[in-house]
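Protein chains in written order, with my numbering: chain V, 277 to 986; chain P, 74 to 415.
Hint data in this document are derived by calculation from the structure and do not stem from the laboratory. Beta carbons are placed, not taken as given, at the ideal position from N, Cα and C, and that holds for glycine. Don't take every hint at face value.
DEER-style ranges, computed between Cβ atoms [unchecked claim]:
1) V:Asp327 x P:Ile190: 52 to 62 Å
2) V:Arg505 x P:Leu269: 40 to 50 Å
3) P:Asp406 x V:Val507: 15 to 25 Å
If you only want the chain V side, here are some residues facing chain P, beta carbon under 8 Å, derived [what the hints assert, rightly or not]:
4) Phe417
5) Ile425
6) Arg502
7) Ile550
8) Ile563
9) Ala595
10) Leu599
11) Gln601
12) Ile609
13) Val613
14) Lys617
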Amino acid sequence: MSQLNQRLLYLRYKWSFKKFLAELLEKRWMDAIIPFVVMVTVIIVFGSQVDNYFSPMVLSMTARDFAEPGFVALAMAICLISGGIDLSVGGIFAIVNFLALLLIHVYGWPVIMVVPVSLLIGAILGALNGLLIGFLKTKAFLTTLVTMISFRAIVKLLNLKYATEIALSAKNNPYESAAWDFLGDGSLFGIPSDVVVLIIIAFLGHILLTRSRPGWHLYAVGGGRRSARHVGIKVERIIFFVYVISGILTAIGAVFYAARLDSAASETGVGLEILVLMSVVLGGVSIMGGKGTPGRALMGIVIVMVVMNALLRLGVNSAMNSLVQGMILLFAIGVDVKWLKHLYASIEKIYVVPTYLSLPKALDPRQGSGTVFEFNDKMEDTETIGLDQVDGPEDVILDRKGRLYGSVRQGWIVRFSGENFSKREIFANLGGRPLGMAFDKNENLVVCVGGMGLYGVKPDGEVFKITDETNRTWTRLKDDSRIRLADDCDIAPDGKIYFSEATIRYKMEEWPVDGQECRPNGRLICHDPETGITKTVVRNLIFPNGVCLAHDGKSILIGLTWKCDVLRYWIEGPKKGKIETLISGLPIYIDNINRASDGTYWLASVGLRTPVYDLAMEMPSFRLRMVKFVPSDEWLYPNVNWGCVIKFNEQGQVLESYWDPNGAFSHVTSMREHKGYLYLGGLHNNRIGRLKIKGADPEWTGPNSYWGNR
Amino acid sequence: MVSLIQGEKEVNMTGMLRSRLAGLSQEQIVFLVSVFFFIGFSLFIQGFASIGNFMIMLRNISVLGIFGVGMGIVVIGRGIDLSQVTTSAVSVAWVLKLMQDGLSIPGAVLLGLLLVILMGVINGYLIAFIEIPPLFATLASGICIYGFVRHYLLNLLNNHYVPESCKSFLVLGQGNILGIPLPVIWFGIIALMCHLFLSRTSFGRFIYAQGDNEEAARLTGIGIRPLKILQYTLCSLIGYLAALIMASSTSSLNVRIVDSTLIFDVVLVVVLGGISLIGGRGGVKSVIAGTILIGILLNGMVLINLGIAQQNLVKSVVLLCAILLDTFMHPSDEETARQGDI
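All chains should be built: construct the whole structure from the sequences, respecting the hints.
This is the structure in structure tokens:
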């Protein structure tokens with residue numbers, strides 16, 4: 277294939293719309309984009325159909341009408357978010373409206389008293405729902421349906437008794453306080469009073485829901501009640517308060533309604549629950565719970581109010597109106613159900629986007645090939661340490677006292693000490709998947725923890741967090757500020773910790789998928805303990821794995837697993853900040869890199885390149901089809917079963933290779949030299965290996981090499 | 074340790090209470106309560122204990138009972154059909170209008186039947202294929218259907234009468250056989266048929282399986298989706314029969330009945346008798362037990378001249394008690410509860 281052709285292929289797969297789309301759909305604010313578009317469309321369409329729709333006078337009146345159901349929509353939204361529903365809002369609305377009018381007109385209470393008492397009534401009615409649904413665990417839908425009927429019945433009874441009295445006293449004794457009038461038709465800076473209050477409450481509600489502990493608990497309860505209960509959230513109490521708040525919000529709307537219309541008709545609030553339910557679901561508050569914000573609820577109510585208003589003004593009859601309402605409701609819920617059901621599936625479907633990678637022809641590792649990679653039996657005499665006592669020691673390291681540490685799958689650091697490493701203890705429990713390790717100047721063990729970030733373990737076993745966040749790339753859609761898969765680390769003489777993050781697009785256990793994709797998703801990050809600042813220093817690396825400080829302390833060596841390259845990143849000297857390729861196109865997949873006693877470097881290899889997989893790397897569309905249509909255990913995988921350890925020097929020349937003919941240490945992810953021995957770890961091994969190296973310095977240790985003799 | 078033992082004791086206490094109650098089935102409890110109310114009303118309400126009133130009561134509750142049998146089928150399958158009353162009422166209103174327009178009785182009834190089956194299938198489709206939760210699907214479809222039929226088929230008229238030319242239609246609801254009002258006999262026949270369907274046919278057993286554990290039923294090879302469509306169609310169909318009898322016995326039908334609390338009475342009858350909303354429990358017997366209790370209660374309330382509002386208040390309290398009893402007897406397992414199951 278010609279150079280130009282390769283270049284074109286590379287460019288063709290470099291940027292992908294599907295990748296952009298997948299990352300876009302992952303965004304939480306995408307849920308709100310559909311209702312937003314609908315809202316804008318509806319306003320434009322109906323605004324142009326109906327005369328004078330946007331004159332300030334009409335607009336202000338419409339806004340005032342919209343705010344009252346707006347409060348009720350907030351109430352409904354919070355119930356839906358909690359995984360419930362409140363159908364009794366219409367009844368509460370009517371009761372509060374009636375009692376507010378009764379208190380102000382018949383009993384002549386001042387507004388300052390009427391408002392809190394009305395809200396209290398709302399809260400009590402809501403508390404009744406909350407008690408039943410939260411503590412007695414009845415189903416929300418039926419319970420609130422029943423309370424709706426009883427609230428309506430109460431309104432009817434109240435109406436029979438007091439309606440004439442209210443009408444008379446409102447007419448004969450016009451106790452019209454300025455405050456009551458202001459509630460009814462006052463404005464602040466030209467904005468109706470109820471709209472002002474609505475916006476303030478929605479804003480505060482948004483902050484409370486998305487930025488506070490109770491808010492998060494609420495989302496947790498709605499999103500997965502069982503999990504919420506398992507993590508110790510007081511589910512019953514939260515649900516109880518949800519309905520209390522729902523009652524209060526509804527009461528606020530009812531007070532404004534009472535002040536505006538002064539009408540005690542018993543039909544008040546009939547059908548309100550359907551209206552607001554329709555609105556909030558249209559706005560993107562899911563009936564499945566755990567999704568939605570006050571802002572979306574208000575968007576929904578704007579849509580519905582605009583449509584209803586327009587239908588009214590176009591002179592559509594009540595039957596048609598109900599048909600349209602039902603259709604909107606069905607449509608909204610149908611879209612909601614389908615959207616939620618298919619969103620994650622479709623993201624999954626388009627998320628993996630393989631790219632083009634052409635690897636140079638590899639040196640032949642077969643016996644008799646005569647190359648430096650020629651298969652041999654140099655690791656035949658490897659001793660076994662801790663057989664079946666470790667589960668996948670990704671990295672191994674030794675301290676000054678000669679104790680051996682392994683980072684294992686259970687999330688522990690296991691320590692072997694004593695004669696022949698016979699004493700095993702769990703040195704620390706990190707929780708995530710510990711990967712690469714390094715000792716700092718103060719003998720703290722710095723550990724990269726997959727899924728968590730960079731952590732430290734003090735010599736006494738105490739775990740502390742170093743960093744789990746870096747600066748975000750603002751030009752990228754995907755939020756890459758969290759560290760997901762810190763892989764290996766090393767520490768510069770000035771104490772700065774350099775560590776690799778293998779991929780930002782996949783989780784720890786999905787690393788083979790990143791291998792299929794082969795995109796530059798990884799990066800090198802630097803943490804400065806003095807300032808506490810974490811910064812990404814090199815972006816767009818293809819699965820950076822091993823990180824090792826050069827012997828002179830002026831550069832960092834980085835091993836790229838799928839690209840089979842070793843890079844050098846300068847941290848000191850004239851080339852500071854520059855990156856260059858040291859070795860390119862090894863025949864093996866690279867894992868960790870560590871120092872050797874003779875001024876060279878050890879490099880662990882998890883597997884061997886194969887011609888078939890190399891070819892697949894040049895055929896992104898083939899890999900895409902495979903990932904899409906073939907179950908994952910049938911994929912063509914890179915060979916990560918048969919690897920080796922190689923040694924290379926400062927100039928990038930490969931000097932030696934070590935192979936294990938027995939297969940026990942054929943999968944090597946890490947090796948450390950210590951006092952003439954090489955210790956071997958592997959991601960899937962059940963043991964640690966120990967190999968005597970010919971000609972190695974019997975006194976050389978890692979900590980001495982980094983931090984000097986002590 | 075102490076608290077643990079106390080906790081165990083508590084569990085045992087409620088467990089014992091539950092098992093003691095469970096010794097009696099919910100139908101039996103409801104039946105006992107009905108007897109209690111019956112004796113109480115006979116003693117304290119004048120005119121309650123008379124053959125005439127008894128017949129009126131039976132006639133009135135038959136319609137409710139037939140609606141309840143239809144709803145029961147859906148609730149056993151862990152669904153609910155809030156559009157049942159709407160669907161049947163507007164269809165029968167259309168049937169009456171067709172009769173007024175001069176169509177023969179069988180022709181009108183057949184057209185109404187087609188309409189109601191179509192609506193049942195649509196409900197089933199929304200729930201089985203689009204996977205909208207039944208509560209929402211039927212709530213919304215009810216509103217839709219109400220608007221659609223009133224606008225396109227009924228010319229916005231609410232009250233529909235049985236025309237003079239179709240007086241024979243009235244036999245359906247007003248006739249007697251051996252002094253027993255026909256609606257009661259219809260109720261008996263429909264209840265028996267549904268009982269046989271639910272307990273003796275494989276489709277009936279499948280509905281129980283679906284209500285008990287839908288996923289397991291699907292994995293054993295039951296076609297859940299067609300089964301759901303069948304349930305909602307049956308529910309609409311039986312509701313249609315109930316509405317026909319209702320229209321026939323009163324010679325008219327007002328579609329505003331949709332705005333009344335009839336649908337909640339139906340749910341009340343079903344849940345009260347022991348068809349748990351959790352699904353897979355109860356049967357036609359439960360509906361009959363629930364119907365008798367509600368019939369006695371409604372009749373008593375009418376006799377002591379309670380207004381509609383007061384009646385609703387009492388009914389909602391009773392329904393609330395029924396739901397609480399249901400929750401107590403069949404507590405939903407929080408570990409297997411599914412999201413969106415409200």
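A quick look at each hint next to the structure:
Judged by the Cβ atoms, the range 52 to 62 Å given for Asp327 of chain V and Ile190 of chain P is violated: they are separated by roughly 44 Å. The supplied range of 40 to 50 Å is met by Arg505 of chain V and Leu269 of chain P, whose beta-carbon atoms lie about 43 Å from each other. Our hint of 15 to 25 Å for Asp406 of chain P and Val507 of chain V holds, since their Cβ atoms are close to 19 Å apart. Evaluation of the Phe417 of chain V hint against chain P yields a held restraint, the C-beta minimum of about 5 Å falling below 8 Å.
The closest approach between the C-beta of Ile425 of chain V and any C-beta of chain P is roughly 4 Å, which is under the 8 Å cut-off, so the hint is satisfied. A cut of 8 Å between beta carbons decides the hint on Arg502 of chain V: the least distance to chain P is about 6 Å, and the hint holds. Restraint check, Ile550 of chain V versus chain P: the minimum CB separation of about 7 Å is within 8 Å; hint holds. Look at Ile563 of chain V: its Cβ gets to within about 6 Å of chain P, closer than 8 Å, so that hint holds up.
The interface hint given for Ala595 of chain V holds, since its Cβ lies 4 Å from the closest Cβ of chain P, which is under the 8 Å cut-off. Here the hint on Leu599 of chain V is kept, as its CB sits about 3 Å from the closest CB of chain P, short of 8 Å. This hint holds: Gln601 of chain V has a C-beta 6 Å from the nearest C-beta of chain P, less than the 8 Å allowed. Contact between Ile609 of chain V and chain P, as hinted, is supported at the beta carbon level, the nearest pair being about 5 Å apart and thus within 8 Å.
The beta carbon of Val613 of chain V comes within 5 Å of a beta carbon in chain P, closer than 8 Å, and the hint placing it at the interface holds. Because the beta carbon of Lys617 of chain V sits about 7 Å from the nearest beta carbon in chain P, less than 8 Å, this interface hint is met.
Taken one by one, the earlier hints fail for this structure only at number 1.
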